[in-house]
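Visitor: What follows is each chain in one-letter form.
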Amino acid sequence: MNDAVLRVEGLRVLYDHPVGEVRAVDDVSFSLRPHERFGLAGESGSGKSTMALAILRLIRPPGRIDGGDVWLDDTRLSSLSDDAMRKLRLAGIALVPQGSMNALNPVLRIRAQIADALGDHGTLLSRRETDAHVRDLLGHVGLPPDVADMYPHELSGGMKQRACIAIAICLRPKVIIADEPTSALDVVVQRQVMATLARVQEELGAAVVLVGHDMGLMAQFVDRLGVMYAGRLVEVAPIGEIITSPKHPYTQMLIASLPSLERKGMMQGIPGLAPLLRDLPPGCAFHPRCPLAVARCRAERPELRAVAAGAQAACHLA
Amino acid sequence: MTVLLEARHVTRTYGGGLLDRDSTVALEDFSLAIDSDRPSVTAIVGESGSGKTTLARLLLGLVAPTSGQVLYQGRDLHDLSGTERRAFRRDIQAIFQDPYGVYNPFYRVDHVLTTPVAKFRLARTKAAARGLIEDALRAVGLRPEEILGRYPHQLSGGQRQRVMVARALLLRPHLIVADEPVSMVDASLRATILGSLRQLNQERGISIIYITHDLATAYQVADNIIVLYRASVAEAGDVELVVKAPNHPYTQLLIASIPQVSLERNWLSEPAAGHQEGQGVGGCKFVSRCPVAMAVCQQSKPPLFRTELRRVVACHQYASGGSQPEAMASVFASE
Ligand SMILES: Nc1ncnc2c1ncn2[C@@H]1O[C@H](COP(=O)(O)OP(=O)(O)OP(=O)(O)O)[C@@H](O)[C@H]1O
Ligand SMILES: Nc1ncnc2c1ncn2[C@@H]1O[C@H](COP(=O)(O)OP(=O)(O)OP(=O)(O)O)[C@@H](O)[C@H]1O
Ligand SMILES: [Mg+2]
Ligand SMILES: [Mg+2]
Chain A
1 MNDAVLRVEG LRVLYDHPVG EVRAVDDVSF SLRPHERFGL AGESGSGKST MALAILRLIR
61 PPGRIDGGDV WLDDTRLSSL SDDAMRKLRL AGIALVPQGS MNALNPVLRI RAQIADALGD
121 HGTLLSRRET DAHVRDLLGH VGLPPDVADM YPHELSGGMK QRACIAIAIC LRPKVIIADE
181 PTSALDVVVQ RQVMATLARV QEELGAAVVL VGHDMGLMAQ FVDRLGVMYA GRLVEVAPIG
241 EIITSPKHPY TQMLIASLPS LERKGMMQGI PGLAPLLRDL PPGCAFHPRC PLAVARCRAE
301 RPELRAVAAG AQAACHLA
Chain B
1 MTVLLEARHV TRTYGGGLLD RDSTVALEDF SLAIDSDRPS VTAIVGESGS GKTTLARLLL
61 GLVAPTSGQV LYQGRDLHDL SGTERRAFRR DIQAIFQDPY GVYNPFYRVD HVLTTPVAKF
121 RLARTKAAAR GLIEDALRAV GLRPEEILGR YPHQLSGGQR QRVMVARALL LRPHLIVADE
181 PVSMVDASLR ATILGSLRQL NQERGISIIY ITHDLATAYQ VADNIIVLYR ASVAEAGDVE
241 LVVKAPNHPY TQLLIASIPQ VSLERNWLSE PAAGHQEGQG VGGCKFVSRC PVAMAVCQQS
301 KPPLFRTELR RVVACHQYAS GGSQPEAMAS VFASE
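Those protein sequence lines, which keep their order, are chains A and B. Take the numbering used here: the final residue in the first sequence is number 318, and no numbers are missing along the way. Take the numbering used here: the final residue in the second sequence is number 335, and no numbers are missing along the way.
Simulated from the structure, these hints should not be mistaken for lab results. As the structure is a computational prediction, the values presented were derived from the model and not from experiment. Errors might be hidden in some of the hints.
The calculated DSBU-like cross-link candidates involving lysine-lysine, where the alpha carbons are at most 35 angstroms apart (straight line), are [stated by the list, open to error]:
1) A:Lys264 with B:Lys244
2) B:Lys285 with B:Lys244
3) B:Lys301 with B:Lys244
4) B:Lys301 with B:Lys285
5) A:Lys87 with A:Lys174
6) A:Lys264 with B:Lys126
Same shape as in the complex, but just chain B (with noise of 0.2 angstroms):
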């Protein structure tokens, strides 16, 4: 396997150094790879502080991490020359929450997809630019003639999301990092603009790392998934195996909440377990929350048990499986 895009045991803390009492640890030792033969699609999800937007800056190189390292093509973020870094900052595109706040309102839509033309020097004459921007339009599913010429407030929030998408298409990356991309949209557009990722990734071979809260929309389009939860890890592997049969107690807790159409209707009535704060020091970070912790869960903190070929959870109740401290990097990598 080509690596594409890895993350090494990379840690980051926000505030004072590593052993400072008042840092907060954004994210902690976490490792993954991207494959660049076979296009993957990632969901990585957890609740708001796990770490998500820390995750997606580290590989986007817009933060460096306090420990560990970020590799494009097997060179550490941080020791690109020049022209490396040119081809990363191509190679790896970004899709933000807010399409709103990338826009300026006073320039036509158009302007967000002619300066990437111009920076990379995509084409030559206008008119080829012209229909390179036509053609990633039409491929998110926008007709060309409906988006350009207008003004950002003149679209619709999934119109002005989807050029975002054509935006980032443009630059025919190897990977799209969409951080939270549908959460300000309501779920038919929701649907509309995951199927246009989900496109991307089937029919143009671009990977794609899918951030977000929401786990059903997470199992519509990914193949992988990481469940992060306070900085680390809970769980990882095959979005079907994680899904359907979730092994650590807080990826359990986090699909029993998700209220279904149904004529069922318990979702109001089951206890949820409440947020304390707090956690056992060196112990499980879910402990405080967990229905079946057991002694060693206050004690020490467990590390990723393989319980799959496909799949990694960090819960002593999965001991047995047996660590191995490279799991999280070969887990998605293995047939």
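Bound conformation, chain A alone (with noise of 0.2 angstroms):
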């Protein structure tokens, strides 16, 4: 697919634990299509968030990438200097990390806050520039002027979220990755801050990818959606397709585990436990905790392939 904006092939991360390694990204390949949204599901522990880091090479010791290529258009990331990447960063993808509202700094206002982005890459502006480019970024994202000046605690969660947003696209990226920007939020608040981020992401033209593990706000906000287990990726596969024919088994348990608002007792956690990253099991990696495993299954390993038309699962029943 050479019309793809961002490209992961075969990307692998370890860490190095004193009881051994662990692979929380194994073999990893998708691409997002300019404008396109992707969604990453998957439970706890999967390697969800691993992922977001390792396509912005931001794996810090104990753990490292020790495989596979990113390609952000025609530039292959990982041959980038540190410094040429650290620019790349905003500019060309930015990340909204898992918990990032509240790891803003508490004793800067929102204004210098921005203003830092926007300088730390060799954006010179001058102090009325900076102003100007700061309410626009704050009106893009629905918060008021004002909130330049006030410090995070002024703030409501939603609008520290916004205030994230407004960080992550004040360099106009290409691509824009949110790492679960709204799992410690209410619905209603939810609903505005996703309202916000498609918003700009059409204003933007640029792509996003929702990392998470609600399957409702994946139906209603991503075009496609890549499922995890285990730090591999176990489907990949139009939204529509996902809800309505999913086809490995682990994707049709994380549905089902969806508290329903019309029938009673229709609430199913998986069964079984995550496994172990340094101790998976033989075979697939889901075994252990599938209704439909057969013998092939605990001795041979799914690859992901093609299973329908633009669908793809590592399952041998599918």
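Assembly of the complex is requested from the two constituent chains, each provided in isolation within its own frame, with the hints serving as guidance.
Guide: Structure follows, in structure tokens:
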């Protein structure tokens, strides 16, 4: 697919642990079309945040990227110097990290935090220009201009998250990666923040990667969804396809774990525990929890393969 | 009906007295009675800052009401004798949001379970204590051999939270107050943990107060629901009535805001009522966001109107229902 704005190819990340290595991302490939909204879903610990950080080369020791490539248009990110990579963050790909709304600097006003991001990237602006730019950005995310003079503790959760989005879009990136941007917010505020993200994305013409585990949110927001299990992508398909006919049993169970508002007793957890990454079962990593597992699943690991038009799944039974 | 725990016109303010302009009203004129003969699950839902945790702390006796009373078996918590207080501490158990904060990282997980056994002298021998603990762990779907002997960081978030449920269970309480017990875990574990709570209610007759900002899980586990908006009850009653056919415009907004797994994608496009600060002094707290506000809503605060046998709503649209001062206390009690 040559029209992709972002391409991830065979990405692998390891964390070194005293007791052994943990493979948090294992041979993950996907690509993002311009303007597309792509979701990355999976249980806690499945490697979603590690993926997001790895795309931006932000993995720190004891972690390391030990394979694969990321392309932004025609730029191969692994070929960039550290300095060039630093410039590309925000300007090319912007990350709204998990929990970032609670990681804003408590002693800096919002204006200074946005100005820092601009300054870090060598955008030298006069005080007046900065002020105008900050006001413009705040307007974009639906915040009143006086927010620039406030400290994070003076803002509600929804306002803080909007401020984080304002920082992420300040250099008009082509790709925005948002890691669980709304899981700490209530549903009313969540909807407002996601509507803001969608609008900003359209104005910028950017593509978005949304990381999370709420299948309802994914169903309403993304165009295509990738489902991760134990560090690997186990299903990738257009969202409509995922909702109407999920191919991987894990995807089916993720959907079933969402509480229904229609009928009681429809909420089912996925039985068993998420596997230990440093001690994965042989064959398909999901087989101990899979109600459909057969002998082959215990012996042979299924690769991600095309199962329908535009849809891929890593399951022997799909 | 024998009342286990009751809140009577409880108001709690922070910072200054009742009439202080700078004070925050965290909970206002709240009444609720938990029946000890009919175990129930009551959900308390509301946005951040609506007063949910304040209510939990009041019911647990961790803070005192600014006005009104909290009563345990008919006795004001304030007036309990030493023995009564001990009984109360055992009978009403709490589960909080962050299971990690409760654990001491230097002690094995066993510690949080052996401490209450010793403190309330639940077992005579070590073997009996071990038996009690193992039973409690199994009751929440954990394998004792996988949990005991480990340190907190060696368990997953969901396992740690279920150990807290097991701990609450050890004391065979009549009521568990759970404040956002699953907001830190993912959707799949959420279902598992709430499933164990529901089972405790059905199989062991323990009443549960489940506090959350997630209306969908509230619908799944609760019999009754109370929707709080800015320290006041907006709507309360049978969960089937309130969730399937919400009366209050705020409850309607809450339900419309939940993203659904469906091919119909209208969630982003529907206008979500903005959050305007400030409220009509003396009027309805929701008036600035209300799509159907009337003149009266600016002037007078709506009392709880009883729209059905098992539902009350604080909204002037339902004024013909007739208000009853004790409506909140009785709405869950009537069959
Ligand atoms: N800094 C680190 N050092 C060691 N191991 C790590 C580190 N960060 C993550 N891991 C491990 O890598 C795996 C993937 O973690 P990651 O944070 O990517 O998961 P996630 O899918 O984002 O989960 P969540 O939904 O809880 O945010 C986990 O097993 C985790 O314990
Ligand atoms: N100890 C305190 N001192 C001062 N104000 C407080 C205190 N505790 C709570 N408040 C205020 O009372 C109001 C209700 O807070 P509460 O914690 O009960 O809300 P909540 O519904 O539990 O919110 P959340 O969903 O964020 O947990 C808020 O305005 C809060 O700032
Ligand atoms: Mg994460
Ligand atoms: Mg709270």
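Visitor: Next, verify each hint and record whether it holds.
Guide: Okay, the hints, checked on the actual structure:
1. A:Lys264 with B:Lys244: holds, 11 angstroms
2. B:Lys285 with B:Lys244: Satisfied, since the Cα-Cα distance of roughly 24 angstroms is no more than 35 angstroms.
3. B:Lys301 with B:Lys244: holds, 26 angstroms
4. B:Lys301 with B:Lys285: holds, 8 angstroms
5. A:Lys87 with A:Lys174: Holds, at about 13 angstroms.
6. A:Lys264 with B:Lys126: Distance ~42 angstroms between Lys264 of chain A and Lys126 of chain B Cα, so the pair is violated.
When held up to the earlier numbered hints, the structure conflicts with hint 6 and nothing else.
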